[in-house]
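As they're listed, the protein sequences go chains A and B.
If you use my numbering, the first sequence closes out at 88, no skipped numbers anywhere.
If you use my numbering, the second sequence closes out at 410, no skipped numbers anywhere.
Honestly, the hints are just simulated from the structure, not real lab data.
Owing to the predicted nature of the structure, the values given are computational and were not obtained by experimental measurement.
Some clues are possibly wrong.
To be verified - In silico DSS-like cross-links for lysine-lysine, where the CA-CA straight-line distance does not exceed 30 Å:
| id | chain 1 | residue 1 | chain 2 | residue 2 |
| --- | --- | --- | --- | --- |
| 1 | B | K86 | A | K60 |
| 2 | B | K62 | A | K4 |
| 3 | A | K69 | B | K95 |
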Amino acid sequence: MREKIDEEVSVVMYYSARRKVALPHVISWRGVEYDVGEIGYHHKVGDGRTLSHIFELVDKTGSYWFRLKFNTDNLHWTLEVVSDGNAY
Amino acid sequence: MEMPISTSRPEIMYIDLNSCFAMMEQQANPLIRNKPVAVAAYDTPRGMILAASYEAKSQGIKLGLSVAEGRQIDPSLIVMMPDPDKYFDAHDRLKKLLLKYTSEVISKSVDEYVVDFRGSPAIRSGLGLVEIGQQIKADVRDRLGGYVKVNVGWGSNRFLAKLAAGMNKPDGLTVIDADNLREVYGRLELLDLPGINTRYEARLNMCGIYTPLQFLDSPLDTLSRSVFHGINGYYWYLRLRGHEIDVADFGRKSFGHQYALSEKTSDIFELRRLIMKLSEKTGRRLRRQGYSAGGVHLSLTFEDHSYYSKSLKLGELYSTLEIYLAVCGLLARAPLESKVTHLAMNVYGLKKNVGQLNLFSGTKYDLRSIARASDEVNDRYGEFTLTPAIMADMKDVILKRVAFGRVNDE
Numbered sequence: 001m002r003e004k005i006d007e008e009v010s011v012v013m014y015y016s017a018r019r020k021v022a023l024p025h026v027i028s029w030r031g032v033e034y035d036v037g038e039i040g041y042h043h044k045v046g047d048g049r050t051l052s053h054i055f056e057l058v059d060k061t062g063s064y065w066f067r068l069k070f071n072t073d074n075l076h077w078t079l080e081v082v083s084d085g086n087a088y
Numbered sequence: 001m002e003m004p005i006s007t008s009r010p011e012i013m014y015i016d017l018n019s020c021f022a023m024m025e026q027q028a029n030p031l032i033r034n035k036p037v038a039v040a041a042y043d044t045p046r047g048m049i050l051a052a053s054y055e056a057k058s059q060g061i062k063l064g065l066s067v068a069e070g071r072q073i074d075p076s077l078i079v080m081m082p083d084p085d086k087y088f089d090a091h092d093r094l095k096k097l098l099l100k101y102t103s104e105v106i107s108k109s110v111d112e113y114v115v116d117f118r119g120s121p122a123i124r125s126g127l128g129l130v131e132i133g134q135q136i137k138a139d140v141r142d143r144l145g146g147y148v149k150v151n152v153g154w155g156s157n158r159f160l161a162k163l164a165a166g167m168n169k170p171d172g173l174t175v176i177d178a179d180n181l182r183e184v185y186g187r188l189e190l191l192d193l194p195g196i197n198t199r200y201e202a203r204l205n206m207c208g209i210y211t212p213l214q215f216l217d218s219p220l221d222t223l224s225r226s227v228f229h230g231i232n233g234y235y236w237y238l239r240l241r242g243h244e245i246d247v248a249d250f251g252r253k254s255f256g257h258q259y260a261l262s263e264k265t266s267d268i269f270e271l272r273r274l275i276m277k278l279s280e281k282t283g284r285r286l287r288r289q290g291y292s293a294g295g296v297h298l299s300l301t302f303e304d305h306s307y308y309s310k311s312l313k314l315g316e317l318y319s320t321l322e323i324y325l326a327v328c329g330l331l332a333r334a335p336l337e338s339k340v341t342h343l344a345m346n347v348y349g350l351k352k353n354v355g356q357l358n359l360f361s362g363t364k365y366d367l368r369s370i371a372r373a374s375d376e377v378n379d380r381y382g383e384f385t386l387t388p389a390i391m392a393d394m395k396d397v398i399l400k401r402v403a404f405g406r407v408n409d410e
């Protein structure tokens with residue numbers, strides 16, 4: 001089941017100076033903390049002059065998939081969609 | 001003039017992302033990997049499937065089926081709406097990695113490239129074709145993700161390279177050269193050849209040609225006079241033998257958009273609203289690429305399967321309003337006795353803008369300046385921030401889509 005959420009969430013981000021990558025590490029949503037597992041895809045989208053980073057990832061237990069948006073204008077994180085990987 | 005089979009080294013590569021949209025969704029979401037996935041225009045039962053994963057394809061779920069038909073085949077089919085920004089990102093990443101090997105990288109569509117390796121550093125360094133192909137596949141896994149697979153085909157011309165890329169899917173790496181050309185043709189049917197559709201097949205059959213090998217062995221005279229009735233016969237004669245004939249890259253001739261109506265209607269006000277949104281999308285692309293247009297075309301498909309199609313040549317179209325009014329002129333002549341199911345419009349007769357002075361510059365009749373000012377606002381604050389009033393409440397109507405054809409707006 002895939003559900004549109006569009007809620008701001010708290011995110012711990014981690015930057016590795018060695019690998020030169022900045023990635024979400026922990027997501028806190030509706031009182032539950034999810035450790036980030038595999039990041040499936042990361043890309044950027046522009047809306048006017050606002051650039052956002054889209055992270056599509058699964059939690060460490062492999063139960064949920066999240067689509068997160070990081071707005072580089074205001075540095076806010078939005079959880080756009082959640083899925084459990086099933087059709088319904 | 002008889003021509004032998006080309007003995008040139010097959011240094012033209014064709015590369016395509018397998019089931020691109022579905023596979024990119026599987027790459028992005030590990031929970032749907034190895035499951036039947038379809039990307040559809042809409043996730044409603046009537047939405048058309050645009051791409052299916054290999055797991056879905058193996059069950060007969062393919063492009064053109066509706067979501068309901070797909071779910072009838074496999075109720076566990078995962079249906080998703082397209083995410084064009086992600087597919088364009090993958091397209092750009094693939095291009096960037098190919099440019100490391102040679103500058104001759106030509107985009108054929110959002111998921112396909114032709115790469116001319118002749119004289120490239122990779123070839124000059126003595127790497128074999130299979131070795132280069134494997135290296136590129138590894139680069140793709142590294143840059144796009146471990147789940148992403150590409151088909152790579154090598155040939156002495158684009159036709160053979162594309163044919164090779166279509167073989168051994170989903171992770172193929174195939175070389176067609178003078179040594180195996182006849183053996184490859186011997187395994188295929190006419191419809192397996194890129195560019196041969198059922199109509200061409202019928203024409204070939206009428207002249208006693210039933211297999212690719214018979215096609216290859218047909219004399220030039222037969223192809224030119226009896227089958228294709230003209231220069232096309234000569235082109236096919238060369239193409240089949242591995243000689244390049246498809247290098248001409250045609251420039252853009254039009255900009256357009258189409259929309260399958262989720263709610264069929266014959267209400268002229270609703271149709272005008274849709275046309276305004278399509279005009280704005282078309283106008284934005286036209287102006288961004290620095291063109292103005294000399295004509296508009298409108299086509300409507302009706303519920304009763306009838307069809308309306310009309311063009312109109314005009315002086316010069318630049319602003320969204322000019323395009324909209326011209327298309328509405330065509331709409332006014334359309335018989336709206338049945339509900340419209342599909343709407344398509346485009347502008348043609350493109351001319352590059354050279355900054356000619358406008359007689360009405362600085363007045364309220366200066367549509368060019370208004371269009372440019374409106375574009376600046378939308379460039380800065382996002383698409384459809386500033387829109388005509390007729391487009392109110394249309395945010396989720398006519399979404400961003402990926403065209404199947406060539407990606408021109410680069």
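Now for the hints, and whether the structure bears them out:
| no. | hint | result |
| --- | --- | --- |
| 1 | B:K86 <-> A:K60 | 23 Å, holds |
| 2 | B:K62 <-> A:K4 | 26 Å, holds |
| 3 | A:K69 <-> B:K95 | 25 Å, holds |
Hint compliance for this structure: every hint is met.
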